[in-house]
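Using the hints provided, position chain B relative to the given structure of chain A.
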Amino acid sequence: MTSRRTSALVAAALVAVGALAGCTSAGGGGTAAGADTGELKAGVFLDVTSWDPASADIGFDGPYLSAVYDPLVALDKDGKPVPALATKWEWSADRLTLTADLRQGVTFEDGQKFDAAAAVANIQHLKAGVRSGQAYLNVASASAKDEDTVEIKLSKRDDALLYQMGLGRSWMASPAAIQSGALANGPVGSGPYTYDKAGSTPQSQYVFTKKQNHWDTATYPFPTVRLFPITDQTASFNAMLSGQLNVQFANAANLPKAKENGWNIASRAASWVGVQYADRTGAQVKALGDKRVRQAISHAFDAAGILNAVGNGSGTVTNQVFSVDGQVYDKSMNDKYKTDMAKAKALLKEAGYPDGFSVKMPMSPIFAAWQPAANQTFGELGIKVEWQDMAMPDYQKNAPTYPMFLAVIALAGNDMATLTDQVTTAQWYNPTPSVDAYPEVKALVEQVEKAEPGPAQTELLKKLNAELVDEAWWSVWYQADNTYFSVKGITVTPVTGMMFPTLRFIQRG
Amino acid sequence: MLSFIAKRLMSGVLLLVVVTSGTFFLAHAAVGDPTPGLLGNSATPAQQAALRARIGYDQPLLVQFWNWLSHAATGDFGTSWRNFQPVNDQIALRVPVTLSVVVFATALAAVIGVAVGIACGLRPGGLLDRGLKLASVVLFALPGFWVSLVLVTWFAINLRWFPAIGYVSPDQSLTGWLRSITLPSVSLALGAIVMVAEQLRNGFLQVAGQDFVRTLRARGLSDRRVTAHVLRNASPAALTVLALLFVGLLGGAIVVEIVFNLPGIGSLTQSASQIGDIPVLLGLTAVTVVFVVIVNFLLDLVLGWVNPKVRDR
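Heads up: the sequence lines are chains A and B, in that order.
First residue of the first sequence? That's 1 in my numbering, and the numbers climb one at a time after it.
First residue of the second sequence? That's 510 in my numbering, and the numbers climb one at a time after it.
Extracted from the complex, chain B is given alone in its bound form:
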């Protein structure tokens, strides 16, 4: 098990280095000289040159890369080119917002998706199962921002149950925090719930038809225990989908953060891209990769626990 964990950690670190290095060079190629975007077009050439020197942009690209990498390795992502505030501080402010929404959305997808998936697996062709099929068609056909707007219109504007925009930190108010993340999370979770439910339902039916299940039933096991065995065998695929969804929802958070005006990493990525604030972009990339690595690592651990054969791969 230890070598399994070590291998997964090594591959995670390698992924982090490769992705952030690639982003560094791609961002520099795409942004070009950032000074007009950062200073505005009335800046004089001398003012632009001064900024280039201040941010180290006047140095060779490889030197800039080494400077960035050597600091990033110690956890220091430098300072923003826009406001010269530490990138770490900005990300630290933003991460809780995005994580709140994405974790809540994933939890909703897990709880509701698993419940619906099991229910549909137990009664294929039933009312709930047909409803799931319809929901999968409808929800995938509808754009995410449209779903968000419908939720805002109903629950924020008409009913006034939830705020239409903004984020409340749990330090300020726990109920305020829950209310501020509910609509964004639900709008992110709707499609995910259907995906998890479908995956579990299909896996459940596939496993339920296997010989060992028939044997279990023949041995006189109760429905409840048979279901537990089926669920354990059907769960790896659903867990994988759930982990992939978490990663996908991190990306999908950009749209939701804009619609709900949330100060998360999605909206920070958008604003940093617009003005060419490369240190912030790199910091955000690194943080996102770390999340992906952690989630995949946890998934591997869980799958390894569920099915020991996985550990040998």
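Just chain A, same shape as in the assembly:
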């Protein structure tokens, strides 16, 4: 009798849980069915880095910041700068002065007016910014010519400046908020949406409500935007399957399931994967200063195999860092380092390293997927690698101190930006650009930097690209795509350079 009663109690408890679920599922809430496109509910891979545009990252901060800020310059889907708060601009003949006309009638959320003085305050703030400063390295000064005109003077010609500004380095914030340091607590912009702080849970869900009187209201079709930072891709995919999300930063491994569900799938090249050399002069490991050694390494890797095995086939096998969607990329050069271990060994022998050499390389959990292939390939080549394990923050900090390291590095959607990002400017992943040590490379870089933007510059960039590939400047295995799933009725247009596109690239349709 007692046991029967206890069993009944257990059953009652289970039924109660089921009943709770059953009686509330009709109520909607967060689990409305798949094709709900009334509001945008996007799963972004990372949380917003900062509401202060000077401290924000470009990569995954785009959707968050684009909801609440207007940029001075925006980009179109091909990475071409297009007007935003700057309605038009003009370069001086020497391309050292940029003069921009500004939109009138724009106000920030705190009532401050957007004008040339505000633009100048923002540019100065962005130039001094810890993360944004990288885009303004060549900016000497900014000044207001009149209320609606701003003038930016450069210390050195920078053909990638407008692109960098459009990529996420020209969000305009209220000058009063900049002055008071209030941006650390929340955004104060003039963007198309208002941040609903009360309805949001930082690091979990950010809610934005559309402004009715924004100057570019037609570009933003969703009355409400909810952005969910979800680092676990399985959780994100489950949320998409359950209807809680209608757009997600996706894992290419889920492509078959996405097709089965009839979702829209958008992919575009986003990063290059391979071996980055921090020591092209051979200062640490003499062998790496010899281009035949670097060429041998390029020949040794089975890039297509790695792309299929690790990258789920989502990308393009290439040996170039200029985006496969850009003008400089040359498909015909992709055969230059066909996988050929015999040739690789011959090149090493020719360089004077028939038995290989020893090298230390850093390793972090997020690169573990590529480690077996790298270990095996280096081993077959006779290069003895001593892997040094470290956590990801330490990897970013320490990797450039090693002569070479495995890398996944963001691509630029602008060919001149590729030149500065990957070759000429010191970055965390490229601490000592060694252009000066390679006269042919240096000469071409100088020609490119002096050339007239347009076809002439592109032709020179192609020559430079060929030279860099010949020098095996990097051992690029492939360019990996970023993939986005969206339900029917919503389209995402990926933009190379933005790990997650800004809201102007998420539309109905």
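Hints may contain errors.
Listed next, the stretches of chain A that the computed footprint assigns to chain B, with coverage defined by at least 3 CB atoms under 8 Å from CB atoms of chain B [unchecked claim]: (1) 124-134; (2) 196-210; (3) 226-236; (4) 240-250.
Just so you know, the hints here were simulated from the structure itself, not pulled from any lab data.
Don't be surprised by glycine CBs; every beta carbon is placed ideally from N, CA and C.
This is chain B only, laid out in the frame that chain A set:
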């Protein structure tokens, strides 16, 4: 009883000081200079130095420790190195999420585990008892995240009874809150239910075989009253397991919070560890220790009430 409570409180405070102090020095040793992680690798040395000065990282370690301890003693855990928001505010946002899930999971484990444990104790070798043995093997063999994923697939994706991710505050919607914590709690509770049930079942059988139970039966007490006596004597072990489970579930919440994308203290611990946000880590450690101390204190009180001999230890 008062001296018993005073002793337990003193040992709790001592534990709090020892654990948080240890965490302070361990975290500093493990993280090293936090500025590259906090500012990104494009930060200049001047910008890094400015941040070090702002967060007090340029001061000797013992000075930093004293500053932290003296503020923590007043309940102020400082500001996050990542966003300069008060640590207390961040934790206050997160604690309800984790507590909702862990308390619900513990309650499920208590209610279902006790019911199943008693049922199995009353009928050893019965169908339910054999089912419990099988469940204990199967559930302990399966990884927690896998169980979570199965629950999500069935109840969130196929049936759409519950959300796959996210947390709804009870202020916003009570049913929304219950729905948002049900799957995470159940996935945490499954193993705990089996543990409590097994513990109670074994304790029940052990006590049921003792002389005093035979005497009670010989005196003609009803089955119900005999069972109540057996249960009272068998319950301390199960209560201890339940308290330990609560503490264990606090740790296990990290995996569940990631799978269900819940903004709890588990996911905050993970993100603070990744970027080396030591004030947040210390605040989280302190809060977790306080929970552990409270739970153990309550356990001691209950055990002391059940068995007065415990109070003398």
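Please count how many residues of the region 124-134 of chain A have a CB within 8 Å of a CB from chain B and say whether that reaches 3. holds (count 4)
Claimed coverage, the region 196-210 of chain A by chain B - three or more beta carbons nearer than 8 Å: holds (count 5)
Count the residues of the region 240-250 of chain A with a beta-carbon closer than 8 Å to any beta-carbon of chain B: does the count reach three? holds (count 4)
Using C-beta distances, would you say chain B covers the region 226-236 of chain A, given that this needs three or more residues below 8 Å? It holds: at least three residues are needed, and the region 226-236 of chain A offers 7 whose Cβ sits within less than 8 Å of chain B.
Of the numbered hints stated above, none is contradicted by the structure.
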